[in-house]
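What follows is the residue order along each chain.
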Amino acid sequence: MGRYLLTRLAFALVLVFVVSSAALLLTRLAPGDFATMQGVDLSVEQREQLRERLGLNRSFAAQYLSWASHAIRFDFGQSMLYSRPVGGLVKERALNTAVLAIMALLFATAIGIPLGIYSGTRSGIGRSLIRVLSVIGVSVPPLIGSLALVFLAARTGWFPVGGMTSAAGIDLTWSQWIADLARHVPLPALALAIPMAAALERLQSEAIESASRERFVAASRARGVDRARSILRHAWPVSLRPVLGLYGVMIGTLFSGSFVVEVVTSWPGLGRLMFDALKARDLFLVAGCAATGALFLAAGTLIADLLLACTDPRVRAGERA
Amino acid sequence: MIRRAGIFLAALILFSLIAPWLAPYDAGRKFDDFLHAPPMPPHLDGLAPVVHPLVLADRLEQRFEADRSRTVRLPWVQHDDATPVFLLGADDFGRDVLSRLLFGARTSIGLSLVATLGAVLIGALAGAWAGYRGGWIDEAIMRVADFVLVLPVIYVVLVLRAVLPLVLPASTVFVLVAWIFIVVGWPFVAKGVRAIVAVERGREYVQAAQSLGASPLRILVVHLIPACAGHLLVQATLLLPAFILAEATLSFIGLGFPDPVASWGTMLAGAGNYNAVARFPWTLAPAVAIFAIVLLTNLLASQQTPIRD
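Going down the list, the sequences are from chains A and B.
Per the numbering used here, numbering of the first sequence is gapless, rising by one per residue and ending at 321.
Per the numbering used here, numbering of the second sequence is gapless, rising by one per residue and ending at 309.
Hints in this document: simulated from the structure, not taken from any laboratory.
There could be a bad hint or two in this list.
Capping the alpha-carbon separation at 25 Å, the derived lysine to any residue pairs in SDA-like fashion look like this [stated by the list, open to error]:
#1 K279(A) to D259(B)
#2 K91(A) to V163(B)
#3 K279(A) to A269(B)
#4 K279(A) to S59(A)
Just the calculated beta-carbon pair ranges, DEER-fashion [what the hints assert, rightly or not]:
#5 I303(A) to P226(B): 40 to 46 Å
#6 V249(A) to A195(B): 16 to 22 Å
#7 F15(B) to V132(A): 23 to 29 Å
#8 P242(A) to H43(B): 36 to 42 Å
#9 G202(B) to G224(A): 50 to 56 Å
#10 L42(A) to V77(B): 54 to 60 Å
#11 A57(B) to R183(A): 31 to 37 Å
#12 A195(B) to D226(A): 44 to 50 Å
#13 V77(B) to W158(A): 38 to 44 Å
Heads up, the beta-carbon is just placed ideally off N, CA and C, and yes, glycines get one too.
Please work from the sequences and hints to get the whole structure.
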């Protein structure tokens, strides 16, 4: 197990290093730099001064080496766009994205799994209805889902639209801030959760259906265990394996989806920050965002794999042998 | 699944080709007096479908009223510029949403088809080569493919597009974005093709071709890639809606086609702010079109697993 974790950790480090370096290189190679992206109100001399001050006139090798040598000491440089250290800025925005992603996962799980268990073990109108809904749900990508929900919210006023907190959120107490956040989070989280919930429902439904045909489930019924208990205690744990496997696959979707949702609903997350940084050619901010994104990605896939290992005794036994 | 996928793809190609001819107006045609005009539902007058023409009630609020005393024929039949007919409403420049939707179909589906074709072609060649040759070539190609597959697609597209010049003419955007889509799309195709070819290359018909002196290229193109036809068609059906969505996302954030070009993404970009979504929901028509295509693809894909009821 220790060896396995070490390999995964090494992979994560390589991923973070390669992705952030590639992002830095690509942004550096891109036509135009931060100074030219500042619009027309700078004179030629002012631009040169700006380049001098930000170190943009150095060669890429020199720039890259100084960035890399600072980065391994957790100093990710200064954002040109925000005139703030990249580390703090990225941490703040990454936290926002994490809130959105975790809420979306919770929503997807809370909607998808119970519906899947229901539709996989019952027959009749409820099951057919859930099936139709989940085929529709899978077909609502976050871009379409968030636009539809923004329309719904704007028409009905059920949710506040846009941003993470209300504009007046500055002088709120801690508990008021949480309440405000709780009103803003459902819309973007739901837009992200709908296709995931539908995919979970489909898979859970199929998995539990095949698990309930196993003989130990029939045996538990024969012993006099009631139907609900035999489904939840005997069939469901077995059906979890493919379902948990899907969480690993969904992490990439979560990432791509959260970018779109952040843009549509003005959620101040990592994706929007990276987009703004890319457009402004803010080199170190792009690299910082890419590194954090890669870290999330590696951590997410690792957690998903560990979750899978924890719930499946066969995987654990294989490790020990 | 495979036959249905083929029919589906062929239908989409046909639709995107003929769609602009079905459009009642030119995609760029602006009716200055009809900014944000609402959709005009047709009804039957005798046997001919007609609509009530719109009258501007309040220019500042962009409020319109239907003139119930008059009727006009549909835009394919009448060409009176004083009474344009917007079956799906008009956008913020007074352009007909239906016409832009149809012209946009050509841009969005066309771009996605070109990219799909490219991704399938390159993915098939790379995957087949990797599977046929084995060894370090196989290893290298598949490592690259795995690396691309690990990354979230939309970020790769975003970074690759953002590091190119931001303002470009539409034709250049078309070519560049198609290439970017090919870069992120080929590994999905290559992985499956490699697996199939790695098995197929040991079969008798391949040995027969080898012993007859066929070159590796000939064996790949004539014998092995056709063996993957089913996989290629399925992958194409899955990539196409993903690319349509990616185009919409890129144009939505302003990195896709420039505004006057009608594409589903540029249409959504104009419609996507809160104010517009609430007051002029008909400008979201491309979102419905994209949803319909994704839904059709999912229905096709779900046919693959036999229904057990």
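Checked hints:
1. K279(A) to D259(B): Holds, at about 18 Å.
2. K91(A) to V163(B): holds, 24 Å
3. K279(A) to A269(B): holds, 17 Å
4. K279(A) to S59(A): holds, 21 Å
5. I303(A) to P226(B): 40 to 46 Å: Given a distance of about 42 Å, which is inside 40 to 46 Å, the answer is holds.
6. V249(A) to A195(B): 16 to 22 Å: holds, 18 Å
7. F15(B) to V132(A): 23 to 29 Å: Holds, since F15(B) and V132(A) (Cβ atoms, about 25 Å apart) stay within the stated range.
8. P242(A) to H43(B): 36 to 42 Å: At roughly 52 Å between Cβ atoms, H43(B) and P242(A) fall outside 36 to 42 Å, so the hint is violated.
9. G202(B) to G224(A): 50 to 56 Å: holds, 54 Å
10. L42(A) to V77(B): 54 to 60 Å: Roughly 56 Å apart at Cβ, these two residues keep to the hinted range, so it holds.
11. A57(B) to R183(A): 31 to 37 Å: At roughly 36 Å between Cβ atoms, R183(A) and A57(B) fall inside 31 to 37 Å, so the hint holds.
12. A195(B) to D226(A): 44 to 50 Å: holds, 45 Å
13. V77(B) to W158(A): 38 to 44 Å: Roughly 43 Å apart at Cβ, these two residues keep to the hinted range, so it holds.
Hint check: a violation occurs at hint 8 only; the rest are consistent with the structure.
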